[in-house]
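Asker: For the protein sequence lines, the chains are A and B, in the order given. So that you can map any letter, position 109 of the first sequence is 109 in full-length UniProt numbering, and since no number is skipped, the others follow by simple counting. So that you can map any letter, position 134 of the second sequence is 134 in full-length UniProt numbering, and since no number is skipped, the others follow by simple counting.
Quick caveat, the hints were computed from the structure, so don't treat them as lab data. As the structure is a prediction and not an experimental result, all values here were calculated from the model. It cannot be assumed that every hint is accurate.
[As the list claims (entries may be wrong)] Which stretches of chain B does chain A cover? Using the computed rule of at least three CB atoms under 8 angstroms from a CB of chain A, they are:
(1) 44 to 56
(2) 97 to 104
(3) 146 to 158
(4) 167 to 178
(5) 227 to 236
Every residue gets a Cβ at the ideal spot worked out from N, C-alpha and C, and that includes glycine.
There are 2 protein chains.
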Amino acid sequence: MVATDDLHAPKGEAPAFDLSAYLSERQGFVEAALDSSLPVTYPTQIYEAMRYSLLAGGKRLRPILCLATCELAGGTVEMAMPTACALEMIHTMSLIHDDLPAMDNDDYRRGKLTNHKVYGEDIAILAGDGLLAYAFEFIASQSDNVPAPRLLQVISRLGKAVGAAGLVGGQVVDLESEGKPDIQEETLNFIHTHKTGALLEACVVCGAILAGAESEDLQRLSRYAQNIGLAFQIVDDILDITATQEELGKTAGKDLQAQKATYPSLWGIEESASRAKQLVKAAKDELAPFGKKAEPLIAIADFITTRTH
Amino acid sequence: MVATDDLHAPKGEAPAFDLSAYLSERQGFVEAALDSSLPVTYPTQIYEAMRYSLLAGGKRLRPILCLATCELAGGTVEMAMPTACALEMIHTMSLIHDDLPAMDNDDYRRGKLTNHKVYGEDIAILAGDGLLAYAFEFIASQSDNVPAPRLLQVISRLGKAVGAAGLVGGQVVDLESEGKPDIQEETLNFIHTHKTGALLEACVVCGAILAGAESEDLQRLSRYAQNIGLAFQIVDDILDITATQEELGKTAGKDLQAQKATYPSLWGIEESASRAKQLVKAAKDELAPFGKKAEPLIAIADFITTRTH
Chain A
1 MVATDDLHAP
11 KGEAPAFDLS
21 AYLSERQGFV
31 EAALDSSLPV
41 TYPTQIYEAM
51 RYSLLAGGKR
61 LRPILCLATC
71 ELAGGTVEMA
81 MPTACALEMI
91 HTMSLIHDDL
101 PAMDNDDYRR
111 GKLTNHKVYG
121 EDIAILAGDG
131 LLAYAFEFIA
141 SQSDNVPAPR
151 LLQVISRLGK
161 AVGAAGLVGG
171 QVVDLESEGK
181 PDIQEETLNF
191 IHTHKTGALL
201 EACVVCGAIL
211 AGAESEDLQR
221 LSRYAQNIGL
231 AFQIVDDILD
241 ITATQEELGK
251 TAGKDLQAQK
261 ATYPSLWGIE
271 ESASRAKQLV
281 KAAKDELAPF
291 GKKAEPLIAI
301 ADFITTRTH
Chain B
1 MVATDDLHAP
11 KGEAPAFDLS
21 AYLSERQGFV
31 EAALDSSLPV
41 TYPTQIYEAM
51 RYSLLAGGKR
61 LRPILCLATC
71 ELAGGTVEMA
81 MPTACALEMI
91 HTMSLIHDDL
101 PAMDNDDYRR
111 GKLTNHKVYG
121 EDIAILAGDG
131 LLAYAFEFIA
141 SQSDNVPAPR
151 LLQVISRLGK
161 AVGAAGLVGG
171 QVVDLESEGK
181 PDIQEETLNF
191 IHTHKTGALL
201 EACVVCGAIL
211 AGAESEDLQR
221 LSRYAQNIGL
231 AFQIVDDILD
241 ITATQEELGK
251 TAGKDLQAQK
261 ATYPSLWGIE
271 ESASRAKQLV
281 KAAKDELAPF
291 GKKAEPLIAI
301 ADFITTRTH
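Produce the entire structure from the sequences given, and follow the hints as far as they go.
Answerer: Here you go:
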C-alpha cells in the first residue's frame, strides 16, 4: 500500500490538503470549547437561551479562521481558543438581535426557530447582551500564555469590529436601505464590509495578533480577510436566489422579498460569480509569502466560491 | 474673615467636605470626557442615537465612584477616566434596552423621550449593542499609564458585572417576577444585587484595580459598594411611591402599576428607610481604615439616603 501511494505522490510532494478533514477536526475542538464555556446556572432561562443559539451548529468558520491564523503566525490552538469562542459568541449575538421582530423579523435560523420565537423578545435581547459582554470577559479571563498587551489589542479590535464602526454600523445602513433596491454599489459595499466583513477580518487578524505577528503580516491577513469576506457575501446573495430553503436552513428568496439590493441585482448572477472568484484569487495571492503554512487559509478561500449552502 | 473662620474650625480640623462642589466638578470632567469619547461619523443616525442617551444627563454617580476609588487607592483621575466613561456607556446601554417595548416599555427617561421613541426600536437595540461593544474597546484602547494586566482585570470584572452573572441575570429574574407582588425577599435581593448592584460594585472596585489596590482593600470597597447599592435601590423604591413624576423625571408609581414587589411592599416605608440607613452606616464603616482619603466615598454614601430624586 505504501508503495502504491508513493507512485501517485512524487518524492517530496505532499498530498493535497484535506480541507474537509481539517474543518471537521477544528469544528470538533470549537464545539467542545463552546459547550464548556457556558455552564447553566441560576437564572437558568438566560443561560439556556444563550446556549440555544451559541450551540445551534453552523460551520464555525469564524473561530476556525482565528485558530488558523494564530498557528500560521507561530502560535497554538490553545492560545487562540478563548478568542475563537468569543468571536462565535459575538457572531451569535448579532444573529439573535438581527432576527428580532424590530429588525429582520426572522422565524428560522439554521433550520431552527430563532431565539425570540423560543424564549420571547425580552429574553432574546438579553441573551444577545449577555453573549456580547461574556465574549470580552472570556478573552480577558480565560486566555493562557498570551502577553496582556496582545489581549488588549484583540479586545480593542473586536470591540471596533462589532460596534458602530463595524457590524452595528453595517446593520444600520442595511436597515436604511431596505425597500430601496436601487442603492449604489458604494452603499452595498459599505453594508457588507461592515455587517459581515469587519468581524471576519477581526477573526483573521486577532488570531495572528495573539501569536505576536508583525504589522506587515497583519496587513496581508487583513486584506485576505476583506477579500474573502466580500466574496462570501456575493456567494451568499447568489445562493439566496438559486438555493432552496432546505439547502439554506433559512427562508430563501428573502432578499428579493424584502426588496433588498444585492450583488446579483447590481451585476447579474454570472458577473457576480466571476467577481467572487477574482476576490478569492486576490485573497490567496496575499498569502504567497507564508508558503505551505497558509494551506488551510487557501483552502478555506477556495471553499467559499464552491459552497452550495 | 480668616480670623472668624478660625474661631469655628479648631486648629488642625479641616472644614466639612463639600460634596455638592465635589460632585459638580467631577460631573463636569465626566461630561466633557463622554462628549469627546463618541464623535459623530457615518452612519450618523447610530452615533446620534448613542449620544442621545449617553449625554442625556444624570448624576454620573457610577463614573464618579470609579474616579474616586482610583484616587483613594493612589491613582489619578486620568488613569480611570476611560474606564469611568465605559461604565457610563454600559449603564446607558442597559437603560436603552430596559426601556424597549419588549422589556419595561417606558416612554420617558430622565424627563426625555426614551431612545426607541425617538429613533425606533431597531436603532435603539443597535445603539445599545454599539455602546456595550465600544465600552470594552474604549478601556482597551484609551487607557494611559495603567499596566495591561490591570486593564484585563477591569475588562473581566466589567464583563461579568453586565452579563448573565450580573445585570442581565438580574433583569431576567426581574422580568420573571413581574405580576408576582408576593415574591420572597431572597428573590428581591437577587434582582437588585444583580440588576443594579453588580455594576455599582464594578465601578467602585475597578477604580481601585486601576490604581493597583491590594486584595484586602478591594474586598472592603466591594462590601462598601454592595451596601450602598442595596441602600440606593431601597431609596429608589421609596421614591417611586412618595415622589412625583416631575421630581423623578420618569413615570412615578410604575412599580405599583406593574405589580412589582419592592422593599416598601415587603417591609413598609418606615422600616425600609431605617434599613437603608443601616446599610449606609455599614458601608461607611468599611472605609474607616482609609481615613481622610475616603471622604468623598463617605459623603456619597450619606447622599444616597438623603436624596429626593
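Asker: Hint by hint, note whether the structure agrees.
Answerer: Right, here's what the structure says about each hint:
1. 44 to 56: holds (count 4)
2. 97 to 104: holds (count 4)
3. 146 to 158: Coverage by chain A holds here, the residue count being 9 at a Cβ distance below 8 angstroms.
4. 167 to 178: Answer holds; 7 residues pass the 8 angstroms Cβ test.
5. 227 to 236: violated (count 0)
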